[in-house]
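> The sequence shown maps to residues 1 to 118 in UniProt numbering.
Errors might be hidden in some of the hints.
[What the hints assert, rightly or not] Ranges between beta-carbon positions, derived for each pair:
| hint | residue 1 | residue 2 | range |
| --- | --- | --- | --- |
| 1 | Leu4 | Arg74 | 15 to 23 angstroms |
| 2 | Asn100 | Pro56 | 24 to 32 angstroms |
| 3 | Lys31 | Ile71 | 39 to 47 angstroms |
| 4 | Tyr16 | Ala45 | 23 to 31 angstroms |
| 5 | Val66 | Asn42 | 25 to 33 angstroms |
| 6 | Asp1 | Val98 | 42 to 50 angstroms |
| 7 | Pro87 | Thr49 | 15 to 23 angstroms |
| 8 | Asp1 | Ala45 | 28 to 36 angstroms |
| 9 | Asp9 | Ser114 | 46 to 54 angstroms |
| 10 | Arg108 | Leu4 | 51 to 59 angstroms |
No wet-lab data here; the hints were simulated from the structure. A virtual CB, placed ideally from N, CA and C, is assigned to each residue, including glycine.
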Amino acid sequence: DITLTAPLDFETIESYSIIIQATDGGGLFGKSTVRIQVMDVNDNAPEITVSSITSPIPESTPETVVMVFRIRDRDSGDNGKIVCSVPEDLPFVLKSSVNNYYTLETERPLDRESRAEY
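When you get a sec, could you build the whole thing from the sequences and use the hints?
Structure, rendered in structure tokens:
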């Protein structure tokens, strides 16, 4: 049996190769290599890093960049896939660029008299 002495973390080490050797009393020995592939679990939440933010925003300027940010999830496969969204009832839109960078922009002119904050 092989038992763990500490938790495994896919993001730190994805696989292990262990050489096991057995030696008898007469000096003869045998070797075997055991390869252990660590499976990733969804143990990392997405991280948002803001590069820039604009505040306050002029009320009559559509397509104003409010924020530039990057999203990262250290998990692999489906666990690391990220979907970003903004509620449809808000006057903002997300635009994806490269390397998981996004911009949050005003979709239409804002009206301070009807709503001062979001």
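> Taking the hints in turn, state whether each one holds.
Here is how each hint holds up against the structure:
The hinted range of 15 to 23 angstroms is satisfied by Leu4 and Arg74, whose Cβ atoms lie roughly 21 angstroms apart. About 27 angstroms separates the C-beta atoms of Asn100 and Pro56, a value consistent with the hinted range of 24 to 32 angstroms. The hinted window of 39 to 47 angstroms between Lys31 and Ile71 holds, with their beta carbons roughly 46 angstroms apart. Evaluation of the 23 to 31 angstroms hint for Tyr16 and Ala45 yields a pass: the beta carbon distance comes to about 26 angstroms.
Hint check: Val66 to Asn42, Cβ distance near 30 angstroms, so the stated range 25 to 33 angstroms holds. Remark: the range hint 42 to 50 angstroms for Asp1 to Val98 is upheld by a beta-carbon distance near 47 angstroms. The hinted window of 15 to 23 angstroms between Pro87 and Thr49 holds, with their beta carbons roughly 22 angstroms apart. Between Asp1 and Ala45 the Cβ separation comes to about 34 angstroms, which falls inside the hinted range of 28 to 36 angstroms.
Between Asp9 and Ser114 the Cβ separation comes to about 49 angstroms, which falls inside the hinted range of 46 to 54 angstroms. Taking the beta carbon of each, Arg108 and Leu4 are about 55 angstroms apart, inside 51 to 59 angstroms as hinted.
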